[in-house]
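Engineer: Given next are the chains, with one letter for each unit.
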Amino acid sequence: MATNNKTQTSLTVEQILAGTTLGRSQTVGHMEVIPIIPDSSGSVDDTFAPPDITAATQGYGNVRMTNDEDRPTIAPTGAGWVTPQAAQDHAIASAEFIPAKKTVAVDTAMCIQASQGGYIKDAKEFLILPATLRTAAIAQRTVKSYGKLWPTIDSFNKGLGVQDHGGHLVYFLKHFAKQLDEFVAEFELVPDQIGALVLVGGKVVGIERAPNPAFWSSVWTPLVRVCYGAVALQARKAIGDVPVGRSRLAVTDKSLAGIAAALSAVKASSAEATRLAVAEAKAVALFAGAQDRKFGDYGIFTVANQTLAGQIVGHADGRFPYLSVGVSAIQK
Amino acid sequence: MSKNDKALMTRALEQPTLWRPAGAMTPKKAGAAVCSFLDAATTSLGRATHYNSREEQQKAELSAHDGLFKTSRDLYAVLLALPGLTDRSVGVGLKTLLSNPRNGKGEFLDPLQERAVLFHLVQALPPQRMLKLVEAFRVGDEELGLKKANNARTRKLILRTLLSSPRLQLWAVKYRRKMKAALVHAWGERKASIIRSILAKDDPTHDELDMLRADVDSFAGDSKVARECAAFILGVRGKETLPLLKAFSAAKTDIKAAKGIGFPPEVLEGIRGQFHKDVPHAVAVETAKDGMTAGQKMNMQREAKNAGVKVDLDPTQYDPVRLYLYAFEMGMDEKIQKALAAKAKKLAAGFPAHYGTVGIVVDASASMAGDKTQALRPMACALAMRDMLQHVGDEAVVAYVGGTVGDSGSLVRPMGDTALADGLVQVLSSIPAPEAVFVVSDGYENCPAGRFAEVVAALKEIGIEVPIFHLNPVFASETTGCRELAPALVPTMPVRSPEGLGTTIIRGLLEADPLKGINALVRLALVSGPVEMKALAKL
Numbered sequence: 001m002a003t004n005n006k007t008q009t010s011l012t013v014e015q016i017l018a019g020t021t022l023g024r025s026q027t028v029g030h031m032e033v034i035p036i037i038p039d040s041s042g043s044v045d046d047t048f049a050p051p052d053i054t055a056a057t058q059g060y061g062n063v064r065m066t067n068d069e070d071r072p073t074i075a076p077t078g079a080g081w082v083t084p085q086a087a088q089d090h091a092i093a094s095a096e097f098i099p100a101k102k103t104v105a106v107d108t109a110m111c112i113q114a115s116q117g118g119y120i121k122d123a124k125e126f127l128i129l130p131a132t133l134r135t136a137a138i139a140q141r142t143v144k145s146y147g148k149l150w151p152t153i154d155s156f157n158k159g160l161g162v163q164d165h166g167g168h169l170v171y172f173l174k175h176f177a178k179q180l181d182e183f184v185a186e187f188e189l190v191p192d193q194i195g196a197l198v199l200v201g202g203k204v205v206g207i208e209r210a211p212n213p214a215f216w217s218s219v220w221t222p223l224v225r226v227c228y229g230a231v232a233l234q235a236r237k238a239i240g241d242v243p244v245g246r247s248r249l250a251v252t253d254k255s256l257a258g259i260a261a262a263l264s265a266v267k268a269s270s271a272e273a274t275r276l277a278v279a280e281a282k283a284v285a286l287f288a289g290a291q292d293r294k295f296g297d298y299g300i301f302t303v304a305n306q307t308l309a310g311q312i313v314g315h316a317d318g319r320f321p322y323l324s325v326g327v328s329a330i331q332k
Numbered sequence: 001m002s003k004n005d006k007a008l009m010t011r012a013l014e015q016p017t018l019w020r021p022a023g024a025m026t027p028k029k030a031g032a033a034v035c036s037f038l039d040a041a042t043t044s045l046g047r048a049t050h051y052n053s054r055e056e057q058q059k060a061e062l063s064a065h066d067g068l069f070k071t072s073r074d075l076y077a078v079l080l081a082l083p084g085l086t087d088r089s090v091g092v093g094l095k096t097l098l099s100n101p102r103n104g105k106g107e108f109l110d111p112l113q114e115r116a117v118l119f120h121l122v123q124a125l126p127p128q129r130m131l132k133l134v135e136a137f138r139v140g141d142e143e144l145g146l147k148k149a150n151n152a153r154t155r156k157l158i159l160r161t162l163l164s165s166p167r168l169q170l171w172a173v174k175y176r177r178k179m180k181a182a183l184v185h186a187w188g189e190r191k192a193s194i195i196r197s198i199l200a201k202d203d204p205t206h207d208e209l210d211m212l213r214a215d216v217d218s219f220a221g222d223s224k225v226a227r228e229c230a231a232f233i234l235g236v237r238g239k240e241t242l243p244l245l246k247a248f249s250a251a252k253t254d255i256k257a258a259k260g261i262g263f264p265p266e267v268l269e270g271i272r273g274q275f276h277k278d279v280p281h282a283v284a285v286e287t288a289k290d291g292m293t294a295g296q297k298m299n300m301q302r303e304a305k306n307a308g309v310k311v312d313l314d315p316t317q318y319d320p321v322r323l324y325l326y327a328f329e330m331g332m333d334e335k336i337q338k339a340l341a342a343k344a345k346k347l348a349a350g351f352p353a354h355y356g357t358v359g360i361v362v363d364a365s366a367s368m369a370g371d372k373t374q375a376l377r378p379m380a381c382a383l384a385m386r387d388m389l390q391h392v393g394d395e396a397v398v399a400y401v402g403g404t405v406g407d408s409g410s411l412v413r414p415m416g417d418t419a420l421a422d423g424l425v426q427v428l429s430s431i432p433a434p435e436a437v438f439v440v441s442d443g444y445e446n447c448p449a450g451r452f453a454e455v456v457a458a459l460k461e462i463g464i465e466v467p468i469f470h471l472n473p474v475f476a477s478e479t480t481g482c483r484e485l486a487p488a489l490v491p492t493m494p495v496r497s498p499e500g501l502g503t504t505i506i507r508g509l510l511e512a513d514p515l516k517g518i519n520a521l522v523r524l525a526l527v528s529g530p531v532e533m534k535a536l537a538k539l
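Those protein sequences? They're chains A and E, same order as listed.
Residue 279 in my numbering is what sits at position 279 of the first sequence, and the numbering runs on without skipping anything.
Residue 45 in my numbering is what sits at position 45 of the second sequence, and the numbering runs on without skipping anything.
Derived from the structure by calculation, the hints contain no laboratory data.
Note that the Cβ used here is the ideal one computed from N, Cα and C, for glycine as well.
Mixed in with the good hints, there may be bad ones.
[What the hints assert, rightly or not] Far from chain A by the CB rule (all over 10 Å, computed), these chain E residues:
id	residue
1	P204
2	K259
3	D312
4	E334
5	A342
6	D422
7	Y444
8	E454
9	L489
10	L515
[Claimed, not checked] Derived DSSO-like pairs: lysine-lysine, alpha-carbon spacing no greater than 27 Å straight-line:
id	chain 1	residue 1	chain 2	residue 2
11	E	K246	E	K259
12	E	K372	E	K132
13	A	K254	E	K178
14	A	K144	A	K121
15	E	K372	A	K121
16	A	K124	E	K372
17	E	K256	E	K132
18	E	K297	E	K224
19	A	K267	E	K460
20	E	K372	A	K174
21	A	K174	E	K59
22	E	K246	E	K178
23	E	K256	E	K178
24	E	K132	E	K178
25	A	K282	A	K203
26	A	K178	E	K156
27	E	K289	E	K259
28	E	K28	E	K70
29	E	K372	A	K178
Construct the entire structure; sequences and hints are all you get.
Structural biologist: In structure tokens:
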């Protein structure tokens, strides 16, 4: 894929995940996470440092992000800063390249805390917007209007039964703080991990890939806690508390060897169900539009289809070191 | 249940009843309060974990303390003397008891016995933590989650603790500002000022001597030492005869005056920074290395190495969890491994059961790294438990879930997912089959969640009754206790170190019979507590 492509291009998830393989699935409640690790071709790109960004706002809708590292980094798609400061929480819609030791200003950022005034000073910890909100933000990524996400946040809060709704993401974060923290605790990184497929209710709701393990390690908590944690909460609201399609242990030979066999069998059947879901997801085509940002041989592209939306970073040599694509809406 | 477990339980349960619930309290409710308290008191450090914020941890912890205190003040006081409780928990307990007045005799402690318990508890704390607690009594401490406790009982306890300590001279030099604040708080500003002026005199009057006898000597172990140290702490100079106090002044002109007398190194470093800026740091380290505590020697290893000074570290001086934390930072060596092995054997000798073959499942998944404020502590605890448990059987089978095993084989770094059911089946399939299985895990399972419980249920259904114990080194605030792997099927017991496992095992008995389990804990606490409490154990 050329980095200066002006026309819409079709890509399968399999193409984007080239050079990777999948690890063992982790499942808790509705959510399943399948680690993505580099395959024997060693598909790791160390060009980019982890996004250890310092963010500040200079006027509503204007975010300045500083990268103090001696390598460039990528501010993740849908990164947001919710701070205890007397300041309006903000988020960015599109991923951004930030060169080493440089500051990048974004004037298409948005407020995610409707009636709070004040500017953010030096916020470090970031979240990544709930997947369905992020899709709405990406669709408006070029619009300069700091209040552009308020109606969507309001609907999102109402949909989850958050009493204090309105354009305040912080209401959702406070309401579900315990559950969101548990998502972080329950899913663990595996060696060399650079990404994950996220399934909720047996369906793929997110495909994430980072350039290298250190980058992944720093984006995983924001992704599982808020971006996909929100999807799991929305799914629970839509389909109930009982997880869909979870394989149970079925012991037919009443012995220890029988239990061991049943354990192997249930793992195999779960793996098969996961394999089918992944195969389906890998075959899915994503449509990439024109290049949003350029940085040397790298470019940021927005990708979407009927159910998924997000962004990828492509290199002129055909690699895709960064991918962050999530579900657009919750399906029953 | 094995013969050993039955014997252990029988021994513990057949003892006379020392404590019974009063009023509307039932043994079951009391048992639940004790379980919650033990979960908090043996694992919580009042800090963030991999999963919970500090605030969440503290709120849950204080609630567990409050629950037992309201169940029974005496039971609460006695159980604070159990071995294996965290220093932080002892501090919370002291504050709770001191800030709530006692009205006469309780269920089985009289006021003097409670005073003895309080004194025992405060003396058992490391000095810095003790002084921090004293400061918290004075002003409260948001970080510790403590409100102030400022009454005559507290003030007397402070004076008795400080002035009777055999380490008073060292504390006077090392913690003089905090000691001054504590003494001024205990005496009151006016009286402290009068005492200072009396101590500065060469010939005090009879009335003045009476005052010193009442306010200093009556709390002191050695009244001469106590008076001289109190004078030093309050700022009287030029009358020092005790070696550390003399060296404090002498080192300002000659830093080597502090050599060979156990002078605290951090104080000498302060003197060097102020009075001997031209003297290299390495000289101060070399001069004061004999005064380093075991903890300082461990903490100073990297600094001493950088300064080119050799500070000998004797690994036998440290508990196994600390040695593992050290090995994670500085690397494992043969000396540390030998010390760990010797400690494991010794601790296993005190374990209340012995097995033919024991199975051990060690959770070494990523979450066992813990939070950055207590990095790797859960894993260090799990490894120390593994070492000890390997010696409670003639043979041991160990299965690791996740983790990367280092070259030495003993150091395992946490990494990866948590498939505990696989580990359980693996150890149970060994030949000969284990007579008991210990699973050391933070209780977070994800391959998938709940599979461990399904396997345990299947084992029970087909009549495999090998006892399985879940030992959890992490307090989880969302459960106000330790997170369970298989509720109602496998007892989950909190554990912070192998030393506290006796408490942990008896805590497991609470589920079988709350009243007798509580009394077994009371007995263990009484024999671990002060002399005044030991007499109660003979009832």
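Engineer: None of the hints should be skipped; say for each whether it holds.
Structural biologist: Tested hints:
1. P204: 56 Å, holds
2. K259: It holds; K259 (chain E) is separated from chain A by about 45 Å at its closest Cβ, greater than 10 Å.
3. D312: 37 Å, holds
4. E334: For E334 (chain E), whose nearest Cβ neighbour in chain A is about 28 Å away, the distance exceeds 10 Å, so it holds.
5. A342: Since the minimum Cβ distance to chain A is about 33 Å, A342 (chain E) lies beyond 10 Å and the statement holds.
6. D422: 7 Å, violated
7. Y444: 6 Å, violated
8. E454: 4 Å, violated
9. L489: Non-interface label on L489 (chain E) holds, nearest chain A Cβ at 14 Å vs cutoff 10 Å.
10. L515: 34 Å, holds
11. E:K246 to E:K259: 12 Å, holds
12. E:K372 to E:K132: 23 Å, holds
13. A:K254 to E:K178: 66 Å, violated
14. A:K144 to A:K121: Status holds; Cα separation ~21 Å.
15. E:K372 to A:K121: Holds - the C-alpha atoms of K121 (chain A) and K372 (chain E) are around 24 Å apart, at most 27 Å.
16. A:K124 to E:K372: This hinted pair holds, its Cα atoms lying about 16 Å apart.
17. E:K256 to E:K132: Cα-Cα ~31 Å, so violated.
18. E:K297 to E:K224: 31 Å, violated
19. A:K267 to E:K460: Holds - the C-alpha atoms of K460 (chain E) and K267 (chain A) are around 21 Å apart, at most 27 Å.
20. E:K372 to A:K174: 23 Å, holds
21. A:K174 to E:K59: 17 Å, holds
22. E:K246 to E:K178: Status holds; Cα separation ~20 Å.
23. E:K256 to E:K178: 26 Å, holds
24. E:K132 to E:K178: Holds, at about 8 Å.
25. A:K282 to A:K203: 12 Å, holds
26. A:K178 to E:K156: Between K178 (chain A) and K156 (chain E) the Cα gap is close to 43 Å, so the pair fails against 27 Å, i.e. violated.
27. E:K289 to E:K259: 9 Å, holds
28. E:K28 to E:K70: Distance of about 15 Å is within 27 Å: holds.
29. E:K372 to A:K178: Distance of about 20 Å is within 27 Å: holds.
Figure legend: structure checked against the earlier numbered hints; hints not met, in rising order: 6, 7, 8, 13, 17, 18 and 26.
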